[in-house]
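A.B. asks: Here is how the chains run, residue by residue.
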Amino acid sequence: MTRSPRLDSAVAATTYQKEWFARTSAAARAGAPLALANADAPHEILRALDIPYVVNQWWSSIISAKRAGPASLAAVAALGLPDDSRQYDVLPLGAQLLPSDEAPWGGLPEPRFAIAERGGDVTHKIFEQWGRRPGTETFLLSRTGAVPAPEGWWDIVADEWDAVFGAERIDLLRDEIVELTHWLAERTGRGLDLAVLAGILDLANQQAEWNRRTRALLAQARPLPVPVTDVIPAVMVPQWHRGTAWAVQAAERLHDEVAARIDAGDAVHPRERRRLMWIGRGLWSDLDMYRAFQDEFDAVFVWSMYLAIAADGYLRRGPDPLRTLAARFVGLTDLLYVPPMSSSWYAKEALAHGVDGVVHLVADDTPGSALITAALEEQGVPVLELRGSNADPRATGGVRERIASFLRERVPVS
Amino acid sequence: MTAGSGPVIGIVGNDVPRQIVLASGALPFRITGLWEAPGDRAWLDLLGAADPVAATVAEELSDADVDGIVVSNDSEAHLRLFYVLRATGSRVPLHLVDLPRRDSAGSRRFLRHQFTALARFCGGVTGRTPDAQSLHDAAVAEAALGEELERLRARRRAHPPRCSGAQALEATLAAMRVPPPVAADIIRAAGGEDVPARRRVHMTGSDHPDARAYAALEAAGLIVVSEDHGTGDGAWLGVSAAGGSVTETVDRLIDAHFARIPASTTGSGADRARTTRSLAAASGADVAVSLIRDLDESPLWDVVDQRDALAADGIELHVADHVRPGEVVGRVSAMAAELSAGRASR
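Chains A and B, in that order, are what the protein sequence lines are. The numbers in the working numbering rise by one with no breaks, and the one at position 221 of the first sequence is 221. The numbers in the working numbering rise by one with no breaks, and the one at position 122 of the second sequence is 122.
Treat each hint with caution, since some may be false.
[Said to hold, decoys possible] Residues from chain A that face chain B, not an exhaustive set, calculated with beta carbons under 8 Å:
no., residue
1, L79
2, H124
3, S142
4, V147
5, E168
6, D175
7, E179
8, T188
9, L192
10, V196
11, G354
12, L371
13, V413
[What the hints assert, rightly or not] Among chain A residues calculated to face chain B with C-beta under 8 Å, some are:
no., residue
14, P82
15, R118
16, G120
17, E128
18, T144
19, I156
20, E176
21, R273
22, S369
23, A370
I should point out that these hints are in silico values taken from the structure, not numbers from a laboratory. Predicted model, so just to flag it, every value in this text is computed and none were measured. Idealized CB from N, CA, C, for every residue including glycine.
Excised from the complex, chain A in its bound form:
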């Protein structure tokens, strides 16, 4: 049967996030410290110090979904800075310059701290700009190269993370996390309690375990029981609250709801005959796109990286909370983008989910995309590569037409 209402867990997550943002904004405007953190920064330290944080990329997705992307990029350009460089990372900087009535959700209060790892050539410069804003200070962590880079990491990364990422890389990040902790303590007077941090890590692991079970259910389910556009917020909003009891409950709720829908025989599209995988960041400015190929092509997007990396990428167990936390973040992005870690993982996921075709959005800051495509094609899975930033509508025009052609020409019905 087809059930049209959205997943309760997705609705609950987005509702919670709006309320949380309103609460957090009010507190920040009243003087409480707020952090802006990149997705790969060790958020758990902020949680342990009771410093609320907004994730840069999540805020970008809101800006993009609320159609404030072009105005934000124009504001960046008005500063003399490039508007065609790392748009997804820079949107919040531009949105900060918009009048509050033009910014999503009334705008982001000025963060007290801006924290990022030095990814690529530009992230540190974007966060340098944040540090020049009145009242905001920047802290940058190192981003080391992915050495070693084993295939099959998903089976061992939770416990054998030294072997996956290299002990020296983890030690460096651990030391820098300690520095960050001291830096924050100097500014807030709040010291780190390692027992509190260990408890947060434990909750984060519980959340990851639920995400693993949910991913396993969806990989096996035929037809797809829940829309990917609901799974994404139901996973990602709790991800940004990782380490809280609410986030664990939200992950469990998603799992139970997916299981119930499978038991009930629900289908997003009962005539499902083509199963598609979307590799890359979400196309937030056009979420309807993910449902646009169902009626004409019986094609359903069954996979996004958000649940899959939440299932495989975050789980870390270890006796030293600081080092374990470093092991969570030292190579998180590498798992998604660096071959052969990324390419072997996407191929594994494609086979597990029985996809018939892949749409691969290749952003400007993602290395190894051609090798990901090649790994999938070697498995007999056709791939359409789209190049451009998910945050810049100028780069993704004509996407639907290209996907339609791809389906007609290269993706036979299963």
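Position chain B against the provided structure of chain A, taking the given hints into account.
C.D. replies: Coordinates of chain B only, in the frame set by chain A:
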């Protein structure tokens, strides 16, 4: 290249201390690619949206007779190149050098691991692991090269200059591919005659893998007297560290790393602007030029700060950005025509 001259290690990027490579008995052979070539389509596809010069570096590596390759994590393009070489199967041993930017106890410990691993890698290629004596000998040779480079910089800073920018850059690039004594001879031979008075240019922006852009500027009546990019005065060339033991030498090399000119890809905009202003002032530049390749994004983020910093000394910054392969001579020539019309103030 290797016949009769010992092992050769191809170097990509600007974060490799040559002294360690030399101390292993190998020749560090810097590979920089080309400004103008479009790059092989297959490499461009593999590298994605990276500085297109990286594709020409990959082509050059494919043809180079090297016994090992060391790639720096000094830019996204080079890191991608390392990943692609690793994933596609390098025909010779491959190694990544990864140097953090923030000076801290943790970074220094990581750097010690990095330099030790580099020495081990080079030793694996040559059969000779660097020791205190070989590091000392390499330091002496590299220091002599460093002194010649300082003299070259003085010739460029003279009024009038006694070496053109293109000559200096060509000599510097050549010096990155030969043993230190030969390199010192090349640097010593660069220039030496007065160059007619012209508007003096400080170069910033993208690295220059060859001297085509400099030649085009100078053909239009300007002269490049200094630069802050990683294939010219910013190169890790002629930089050495003396120590009584391997540990002490490595620690001094770590000091040298943190003292180097900040690259656009790794330095902050503020640091870059201070460096650009300082070097332009030291060379008596009349004007500064930033040439920025398409997909080499970080220099774009430096422009506002550099322009403001240089303005404090009355130096205008002229920018040509998003320069695509095949465009550099035309873009530079058009800019030069405008700049040549200005007044030489010093």
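A.B. asks: Checking each numbered hint in turn, tell me which of them this model violates, lowest number first.
C.D. replies: Hint check: 8, 9, 10, 11, 13, 19 and 21 fail, others pass.
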